[in-house]
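Trainee: Going down the list, the sequences are from chains A, B and C.
Quick note: the first sequence, position 228, residue 217 per the numbering used here, numbers continuous.
Each number in the numbering used here corresponds to the 1-based position in the second sequence with 206 added.
Each number in the numbering used here corresponds to the 1-based position in the third sequence with 170 added.
Hints were generated in silico from the structure; no laboratory data involved.
Any given hint might turn out to be false.
[Unchecked claim] Pairs of lysine-lysine residues, derived as DSS-like cross-links and limited to a Cα-Cα distance of at most 27 Å, are as follows: (1) A:-3 - B:211; (2) A:196 - B:259; (3) B:299 - A:82; (4) A:196 - A:179; (5) A:-8 - B:299.
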Amino acid sequence: MEKWENNKAWFLVLPVFLIVAFSAIIPLMTVVNYSVQDIFGPGNAVFVGTEWFEEVLRDTRLHDALGRQFLFSGLVLLIEIPLGILVALAMPKRGWGVSASLITLALPLLIPWNVIGTIWIIFTRPDIGLFGVAVNGLDLLSVPFDHTARPIYAWITLMAMEVWHWTPLVALLCYAGLRAIPEAYYQAAKIDGASALAVFRYIQLPKMRGVLTIAVLLRFMDSFLIYAEPFALTGGGPGNTTTFLSIYLVKIAVGQFDLGPAAAFSLIYFLIVLLLSFIFYQVLLNVGKGEKR
Amino acid sequence: MKNRKRYIALAVYFVLLMLPIYWMLTMSLRTNADILSSFSYYPKNLTFTNYIKIFTDRAWYSGYINSLIYVTMNTVISLSFALPAAYAFSRFKFLGDGQMFFWLLTNRMAPAAVFLLPYFQLYSTVGLIDTHIAVALAHCLFNVPLAVWILEGFMSGIPREIDETAFIDGYSFPRFFITLFIPLIRAGVGVTAFFCFMFSWVELLFARTLTVTNAKPIVATMTRTISATGLDWGLMAAAGTLTIVPGALVIWFVRNHMAKGFALGRV
Amino acid sequence: MSLDWMAWTLPTALFFLIILLMICGMLVWELVSPTVERKGFLGFPTTRGTRFFIGLLGTGYIHLAWLGLTDLSLWMALPISAVWIFVAMRWG
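Chain A with its partners taken away, still in its complex shape:
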C-alpha cells in the first residue's frame, strides 16, 4: 500500500503543529536565551556566553545525578521486564479472569504520580506502615528499616515503588503481544511435544519482540524523566542519594531560581533525551519493517 502523495495534507497537520509549537518551540527558544545570560530580573540581564554551560558540565553533583539516573533506569529495566513477561505468561487467556486481570493491572497506572509516593510513604513508614512494621517485626536488620534513614533503604523503597507502579504496563504490553500469536502455533508445538520452555524460547519470545522493544524503550525513557514519585517519597534524600536529573533541575530552577544554570542544564538534559528518543524512533521504525517482511 503506497501512501498518496499530497502536500495539501499539511493543512490537516497544521493545527497540531501550531498548538505543539506554542507549548514546545517558544519555551525552548526562551530556555536557549536564558542559558547564555545572567538574569537578575525582567529586562535586567547580562550576556555571559557559555559560562553556565561550563559550570554545569563540570558540576560534580550533576555527574552524580546523571550516574544515579542511569543506575536507576538500568535497574528498572532489569527487574520490570522479566517480571512483566512472567505475569503476562501467567495471565488467563479467556473467561472472566481476563477482564479482572486487566483491570487489576491497570489500576496502579491511573493513580496520580505524587499520590503513588504518598501511598508508599503510608505503606512503608516504620510506625504506621504495613511494610515497615512487618520488616522491622522480623528483626533481621541491624538498623531498623526507615526509608528516610539510610540511602540503601531509600533506594529499596524507591525501587519497590517503581516496580509496583510500572511492571503492570510491561505485563499489559506483553499480554497484548502474546494474544496476537495464532492458536495454530501452539497446536503445532503440542504435536511436536515441545516443552513449555521451548514454546517460550522459539514461539512466544520471538513473537513478542515488537512489544518488548516498545516496553524496554518506554520504561527507559519514562524512568529517565521520573520526578513526582521520588519527590513525594524521599524528596531526593537522604542527602542527595535519590536526587535524579529532574529533581535536581527543579531544585535549581524553582528552589534557587538560578535561571541561567538551570537553562543550560535543561538544554544538556534535552540533548540527551533527544538522542535517546531518536534511537527510540529508529528502532521502532525498523521493528515495524522487520515484522512486515
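Take the given structure of chain A and dock chains B and C to it, following the hints.
Mentor: Relative to the frame of chain A, chains B and C by itself:
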C-alpha cells in the same frame, strides 16, 4: 495441575499489587489519632470523618473539580486536534512527514522539568496563569503527540478503499471524516481518550506550576498539605483514595478495548 | 503583549535564524531534487532530512564535549562540527 500453580502465583502477585492500595484505604477509614496510637490490619473503629471533611471543605473538594475540568478540556482539545493530523499521517506522504512525526514524538519524551522554567513566564504574559485552560494547554505538549501516535495506528488498520469509495460516491472530506471514518475507529478514539485522560490526570509538575488558587488541582493540594501543616495521615489517605476513583471508572468503560491500545504499543 | 520575558540576545537570535535558514534550504533542496532513502555507514536507512538531523545533533554533542573536556576556544569546535555534518550528509 500446572495451571493451578500458575494461577496461585498470579493471585499472589495481584494481592501484592493491591496491598499498598488496601493499606491506604484502611488508613482513610481511621482517625489520625487512632492511626498513630495503635497498629492494626483493618480499621477497628470505622469512621468516615476524613471523607466528610474532604466533601465539605472547599479547599479540598474544589481540587477534584479543578482537576476534572482541565483533564476534560485537555482530552477534548487533544482529540479534536489530533484526529485530522493522524489521518494525514496515516494516508498521505508529504514534505517532511517523517521529521514532523519524530518532532511530535520528542515532545512526548521531553522532560517536563525542562519546559517548566519558561512556562510560568509564557502563561503570565498571555494572562492565563491560574486558569484551567492553561493546564489543559500545557498538557497538550505530551498528549497531542500521544493522541496522534495512537490514532495513526488505528487509522492505518482501515483499508484505504473505504476512503476512495466514499469520495467516488460524492462525499465531501469533512462529511466523510465525521460521519463515516470516525465511527469506524471509535474503539481507537475511546482508547486515545483514555490515555489522554490518564496522563493529564496523573501529571503533577505543570499542574502545580501553572496554578495558584482558582484552578489548583488535587495533586497540588496534596503536596502542599504534606509540607504545610503537620501530617494528617487519615486525611491524606482519604484524598489519595478519591484520586483513584475517576481512573477506575474510566478503566471500566474501556476495559474491552484497552488491550488493543496496548497491543499497538503506543503508550 | 511584550517579548521581554523571552530575554532575546543577538547571538541567540542569529543562532535560531541560521537554523531556520538551514531548514528552509533543506526544504528547497527537497523540492528541487527529492531524496532517496539509502543505507550508509550509520547502519540504518536514512533520508537526507534524517542525516541532516544527525549532523545537527552531533554538532550539539561536539560543542558540549569541547566545553566540558577542554579549555580551548569554543570556536575551534565549529570547523570540526562542519566536517562532521559534511561526513554525515555525504556518507551517512
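Trainee: Would you mind marking each hint as holding or not holding in the structure?
Mentor: Evaluation of the provided hints:
With a CA separation close to 58 Å, the supplied pair residue -3 of chain A and residue 211 of chain B exceeds the 27 Å bound. Between the alpha carbons of residue 196 of chain A and residue 259 of chain B the distance comes to roughly 52 Å, so the proposed pair goes past 27 Å and is violated. Straight-line distance between C-alpha atoms of residue 299 of chain B and residue 82 of chain A comes to about 39 Å, which puts the hinted pair past the 27 Å bound. Restraint check for residue 196 of chain A and residue 179 of chain A: the C-alpha separation of about 17 Å stays at or below 27 Å, so the hint holds.
About 6 Å separates the Cα atoms of residue -8 of chain A and residue 299 of chain B, which keeps this hinted pair within 27 Å; it holds.
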